[in-house]
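Asker: Below, each chain spelled out in residue letters.
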Amino acid sequence: MTVLGILVQVILMLAGGAYALAVADRLLSGSGTRVRSALTYPVKRLSFLLLQPITTTERPDYGAWILAPALLGALAAVGAVAVPIGGPSPGGDIATGLVLFGAAMLIVLVAVFIFGFAANSVFPMVGGYRFAAVVLSVGIPFSLVVLTTAIPAESLSVGVIVEAQSSLWFLVEQPLGLPIYLVTAAAIAFWGPFDLPEGADLAGGIVVEASGTRLAMWRISRAALMVTLALMGQAVFLGGYLGPVLPGWLWTVAKTALLLLILALTGRTIARIRVQTFVWFGWVVLLPLALVDVFLSGWIAL
Amino acid sequence: MSPGPLSYFLIAAFGIGAVVSGWLVFRVDSMLRAAYWLMVSFVAVGSMLVVLSAEFLGLILILMMSGEMTIMAIFMIMFMMNPAGLNPMTMVHQNRTAIMAGVGSFALLALVGLLADFPVRPVVTGDPTVALGEELLGRSMLIFESAGVALLAVMIGAVALAAKRGRFGDAYEGSEEPDLEVNAGDRA
Amino acid sequence: MGLRSGLAYMAKTSDVPVFVVVGGGYRSAVHRLRLAGGIKIVASPRHAAVLLIAGSLTEAATESVQHVHDQMAGPRHTVSWGPSEHTVVPVGTHVIGDVADVAIAIRKQFHDVVTGAIPAEPPLLDNVDAVEWRGVGPYGHGGAGMTGGTPYGRPLTLRAPSRDRLELDQLPVVIGPWFAGFPTGLSLRISLQGDVAQAVEVVATNPIAAGSRSIFDQALHEPIPIHDLEMARATHLLEWMADALAIAGVDRLALRADRLASTIVPGDAGSVERLAAATRRSLLRPMTMRTVGVLPDDVDTSNLGPVARAAGVPNDRRTLEQGYRDIDFRVVTRTGGDAWARFEQRAAEAAQAVDLAGRAGDRMAFGNGEVEAPDGLRKAGSPSPADISISMLDALLTGMEWGDLVTAVQSLDIDMEDVSVGNPAV
Chain A
1 MTVLGILVQV
11 ILMLAGGAYA
21 LAVADRLLSG
31 SGTRVRSALT
41 YPVKRLSFLL
51 LQPITTTERP
61 DYGAWILAPA
71 LLGALAAVGA
81 VAVPIGGPSP
91 GGDIATGLVL
101 FGAAMLIVLV
111 AVFIFGFAAN
121 SVFPMVGGYR
131 FAAVVLSVGI
141 PFSLVVLTTA
151 IPAESLSVGV
161 IVEAQSSLWF
171 LVEQPLGLPI
181 YLVTAAAIAF
191 WGPFDLPEGA
201 DLAGGIVVEA
211 SGTRLAMWRI
221 SRAALMVTLA
231 LMGQAVFLGG
241 YLGPVLPGWL
251 WTVAKTALLL
261 LILALTGRTI
271 ARIRVQTFVW
281 FGWVVLLPLA
291 LVDVFLSGWI
301 AL
Chain B
1001 MSPGPLSYFL
1011 IAAFGIGAVV
1021 SGWLVFRVDS
1031 MLRAAYWLMV
1041 SFVAVGSMLV
1051 VLSAEFLGLI
1061 LILMMSGEMT
1071 IMAIFMIMFM
1081 MNPAGLNPMT
1091 MVHQNRTAIM
1101 AGVGSFALLA
1111 LVGLLADFPV
1121 RPVVTGDPTV
1131 ALGEELLGRS
1141 MLIFESAGVA
1151 LLAVMIGAVA
1161 LAAKRGRFGD
1171 AYEGSEEPDL
1181 EVNAGDRA
Chain C
2001 MGLRSGLAYM
2011 AKTSDVPVFV
2021 VVGGGYRSAV
2031 HRLRLAGGIK
2041 IVASPRHAAV
2051 LLIAGSLTEA
2061 ATESVQHVHD
2071 QMAGPRHTVS
2081 WGPSEHTVVP
2091 VGTHVIGDVA
2101 DVAIAIRKQF
2111 HDVVTGAIPA
2121 EPPLLDNVDA
2131 VEWRGVGPYG
2141 HGGAGMTGGT
2151 PYGRPLTLRA
2161 PSRDRLELDQ
2171 LPVVIGPWFA
2181 GFPTGLSLRI
2191 SLQGDVAQAV
2201 EVVATNPIAA
2211 GSRSIFDQAL
2221 HEPIPIHDLE
2231 MARATHLLEW
2241 MADALAIAGV
2251 DRLALRADRL
2261 ASTIVPGDAG
2271 SVERLAAATR
2281 RSLLRPMTMR
2291 TVGVLPDDVD
2301 TSNLGPVARA
2311 AGVPNDRRTL
2321 EQGYRDIDFR
2331 VVTRTGGDAW
2341 ARFEQRAAEA
2351 AQAVDLAGRA
2361 GDRMAFGNGE
2371 VEAPDGLRKA
2381 GSPSPADISI
2391 SMLDALLTGM
2401 EWGDLVTAVQ
2411 SLDIDMEDVS
2421 VGNPAV
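Chains as they are written, first to last, in our numbering: chain A, 1 to 302; chain B, 1001 to 1188; chain C, 2001 to 2426.
A couple of the hints might just be wrong.
To be verified - Facing chain C, according to a computed beta carbon distance under 8 Å, are these residues of chain A, among others:
hint : residue
1    : Q52
2    : Y129
3    : A132
4    : S211
5    : G212
6    : I270
7    : R272
These aren't lab readings, by the way, just hints derived from the structure by calculation. Just so we're clear, the structure is a prediction, and the values are computed from it rather than from any experiment. Using N, Cα and C, we set each Cβ at its ideal position, and we do this for glycine too.
The whole structure should be built from the sequences, with the hints applied where relevant.
Answerer: Here is the structure:
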């Protein structure tokens, strides 16, 4: 596939996924919205944000403030490039796709941190710091469970990992993988119940001072990030494009939508976690479980 | 990637980017910006490695540096005045020593670059994961295995430390803030 | 159709982002406004298009409300809501009426300001730097050394030892009076180190003017039907639960609590209990509230109603009243005294109040100068529960992480209307 083709495919996938996520989140918000009005809700909301001027604060870091949402969106796109959508790509996909994805997801920390830093305001800054604590606590388990899927596949290429699941999904072969992945992915996408940098106790945290196009960009980029995380989750744990009857890309879309729905639902129904409890959870629960996952998978593979 | 005009162009672009962002580290006025310009510089170097078909090495470099720079920035902000650059500050000090060290190390590296006899090895074709695996468990096995075991020990040690009963109780209690005043009994 | 008008066409029927300044007497009304369709109450004025000023404010509110007004990005419009027009923000539309009226007004003004039918409001304050930039040197950093200068008249941050005895920065900030995580009107002057509050002091001005007397104030001096009193109690407690759930990030359940508060009927304790069960399923206790906000031992909390009863103190004025004895009133208590115990306590008391109201018939309550209000014992001539809570905030909050601080303040249910006017830090 040409570079242009991949680009179009990734943008379509992320934009569609972000729109679907916004609609689903609206339906799950408990405000009794009808499906019809939920379908137009993202468009109306975006229109308003585009009308709203971008406000500024006292001596913000303009460069970082403009760059951060763009960086977040770019990272989502880079992560998504590693995932084959419709089937094995003819030229072979990126050989170190998993590492590319992992690197992109860890740089999310930088995007969020500078977005909080740039506003030169207390709540955004505290939000940025909180996110550093979050990512440092889940970064290792996240990378471990993703990389563990490379052990039985004997490759870091996501396409090969998908093919290796033709007999059995890694959801079954590595039962600890997907649960840990979903928890850490929600934390990396600062999605509820781990929305610590954007928590209601900070009145919105990193986005408190953002308005208009800046806020819209940030929201879209964050939704795209969620889609990328769901895309990778379904590729390495749910067998990606593999499935009977339907074309491959439809399976990818369906499985991605399923994971997004799970994330949207838990984000709406579970209370936000305290920072201290989360750090404890990351180091004392998730990390040992991720190590167990690595050892078990390695043992099975041998 | 076969070397072509595009590769030369990309390497030059990333190289210039690495140098310029490295220079910017000393031209900005807050520690956080300095830390992240340094990260940009490393990302440019990592991208050069990717263009040179050392994908894995380049991506790992980017991955490690992004985490490290944030840790560095947090520590700098924590331990020094001026959180997050609310007030500007200059990023240079001890200029004479720094200039001498900089010029000296540049000269040394340039000499190495000019005088060393670099081996010529063709780019590995095929799956780099296989090549990496052969490298890890072949000639360099001792180095990588000892480093790998050490890193694993560090990780398990971190878990053990995190889960251990400390001066503020067990792990969950220890995650709570203790009183602001450290008790006299804890000082020892 | 130009781009702007096209966007306006789409945006004019979207949910109106409203930032609310809740003044005296309008706490409950604003909770009901959350249920009105097409309105979304936001926590940051930057995200809002309409500023709603509900209820009575004092002169002390003027400057902070003007700041909030100017922080709105626009297209912006102000709607004030209350019995009499006030002069805090001398622009916008005034509404006298109930929740439905103000909801209609908000949607109409939003529609008009977005489409350009009415002009957006100009700023109320001059956008000038409070203090001139005074840094010198190539970066304005103050010249000699690495740092220095007093940009915007702000000296470098303070330094103070952390609990690990490292000398770290400390940032003095004032949070409030319209911060959505605090009771409306409360301002705290806080020294933050990272997100740990190292020193907390209540700002001694009260922007909230007392609204009309609540039913509990009336019960101090005259007999009131138990049915009315208990339904008012249930509504108050359910609205408090909605606030707690919103801060914990479970807006779904917060909306459900608000809906229940406005529709609950006497005797329907089951609905409240189902809400409490749903809250337990949301993992509110282990995730957010366990061990948070336990009061220091040396504070007398016996008159703090649910807060005291959540710590196992069976103190309730209602046990002394014949009307309540007739319907077999029993004091409910919890143990633990943390934020979760207070949540469970209030949920249980809300269910109990609904149940009592269903069985009260036409019995009357008369406290003769004392009444058990939802936030504690009110006694003529004594400090109100809010006064007591305010006086112990600094001792309670010092050393807390920010999220816990917000949870703890909210768990006390402080009503700034009842705080001795102008000087909360009595």
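Asker: Work down the list of hints and note, for each, if the structure agrees.
Answerer: Results of checking the hints against the structure:
1. Annotation: interface hint on Q52/A holds; nearest CB of chain C at approximately 5 Å, less than 8 Å.
2. The restraint placing Y129/A at the interface with chain C holds, with a minimum CB-CB distance near 6 Å, inside the 8 Å limit.
3. With a cut of 8 Å, the hint placing A132/A at the interface with chain C is violated, because the nearest CB-to-CB distance is about 10 Å.
4. Because the beta carbon of S211/A sits about 4 Å from the nearest beta carbon in chain C, less than 8 Å, this interface hint is met.
5. This hint holds: G212/A has a C-beta 6 Å from the nearest C-beta of chain C, less than the 8 Å allowed.
6. With its C-beta approaching chain C no nearer than about 5 Å, I270/A sits inside the 8 Å limit, and its interface hint holds.
7. Because the smallest distance between the Cβ of R272/A and any Cβ of chain C comes to about 4 Å, under 8 Å, the interface hint for this residue holds.
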